[in-house]
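Q: As a plain string of letters, each chain reads:
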Amino acid sequence: GQQVMQIPQYQHVQEGEDFTTYCNSSTTLSNIQWYKQRPGGHPVFLIQLVKSGEVKKQKRLTFQFGEAKKNSSLHITATQTTDVGTYFCAGLRGSNYKLTFGKGTLLTVNP
Amino acid sequence: EAGVAQSPRYKIIEKRQSVAFWCNPISGHATLYWYQQILGQGPKLLIQFQNNGVVDDSQLPKDRFSAERLKGVDSTLKIQPAKLEDSAVYLCASSLGTGGYEQYFGPGTRLTVT
Numbered sequence: 001g002q003q004v005m006q007i008p009q010y011q012h013v014q015e016g017e018d019f020t021t022y023c024n025s026s027t028t029l030s031n032i033q034w035y036k037q038r039p040g041g042h043p044v045f046l047i048q049l050v051k052s053g054e055v056k057k058q059k060r061l062t063f064q065f066g067e068a069k070k071n072s073s074l075h076i077t078a079t080q081t082t083d084v085g086t087y088f089c090a091g092l093r094g095s096n097y098k099l100t101f102g103k104g105t106l107l108t109v110n111p
Numbered sequence: 112e113a114g115v116a117q118s119p120r121y122k123i124i125e126k127r128q129s130v131a132f133w134c135n136p137i138s139g140h141a142t143l144y145w146y147q148q149i150l151g152q153g154p155k156l157l158i159q160f161q162n163n164g165v166v167d168d169s170q171l172p173k174d175r176f177s178a179e180r181l182k183g184v185d186s187t188l189k190i191q192p193a194k195l196e197d198s199a200v201y202l203c204a205s206s207l208g209t210g211g212y213e214q215y216f217g218p219g220t221r222l223t224v225t
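Line by line, the protein sequences give chains A and B. Per this note's numbering, residue 1 is the first one in the first sequence, and the count goes up by one each step. Per this note's numbering, residue 112 is the first one in the second sequence, and the count goes up by one each step.
Chain A on its own, in the form it takes in the complex:
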């Protein structure tokens, strides 16, 4: 079945440092979504990427979708303590409408 893998599993940074998490799918995706889950909270939608090579920015967050539509990344510039949480990518494959989540990357930020 479809697998979505994320690395790293954990990342601890000093406030102000950059952070990147990577997502790889075993199959070509039609869409990829990113969610953020704060400690004790529920996943909250961040963005969706659809096109090959697509890059989208939200303030300090930059999202990329690979040319082959099998990988994606999320980059946070100059992390803040409010960025703490687990970032999940979730892939959608063609006619299969099921969203498959990665295991997530837990980001902690030292003030």
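Derived Cβ-Cβ restraints for the label pairs, each shown as a range: (1) K56/A / A141/B: 22 to 32 angstroms; (2) P39/A / P192/B: 25 to 35 angstroms; (3) E196/B / I7/A: 21 to 31 angstroms; (4) I149/B / I7/A: 16 to 26 angstroms; (5) E196/B / H12/A: 21 to 31 angstroms; (6) V50/A / A141/B: 19 to 29 angstroms; (7) A78/A / S177/B: 41 to 51 angstroms.
In case anyone wonders, no lab produced these hints; they're calculated from the structure. Given the structure is predicted, the values throughout are model-derived calculations rather than measurements. The beta-carbon is built from N, C-alpha and C at its ideal position, and this holds for glycine as well.
Position chain B relative to chain A; hints supplied.
A: Relative to the frame of chain A, chain B by itself:
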């Protein structure tokens, strides 16, 4: 706009007991999802409804789990009998439709099976 509502928020049961969770999606959302999230992992889809029909239940352990969305609005997920490995957070989510829509998650029900 009200979000996705779930109840109860917490539940502790003994193994072999039964439990039911309730979800009320955002008004107008045709698609409803039940996910299981084990600590340290991403949400795993158990079942997906489009209105009152099942779109996907391939990962639902049907010998013990059941779910329904009879009127195409709110939904219940039941476990009977529960096992220790069912301890997890059960998340309900909804979206306007299937395939590429943003999913809105409820606060979840934390189930502990002892």
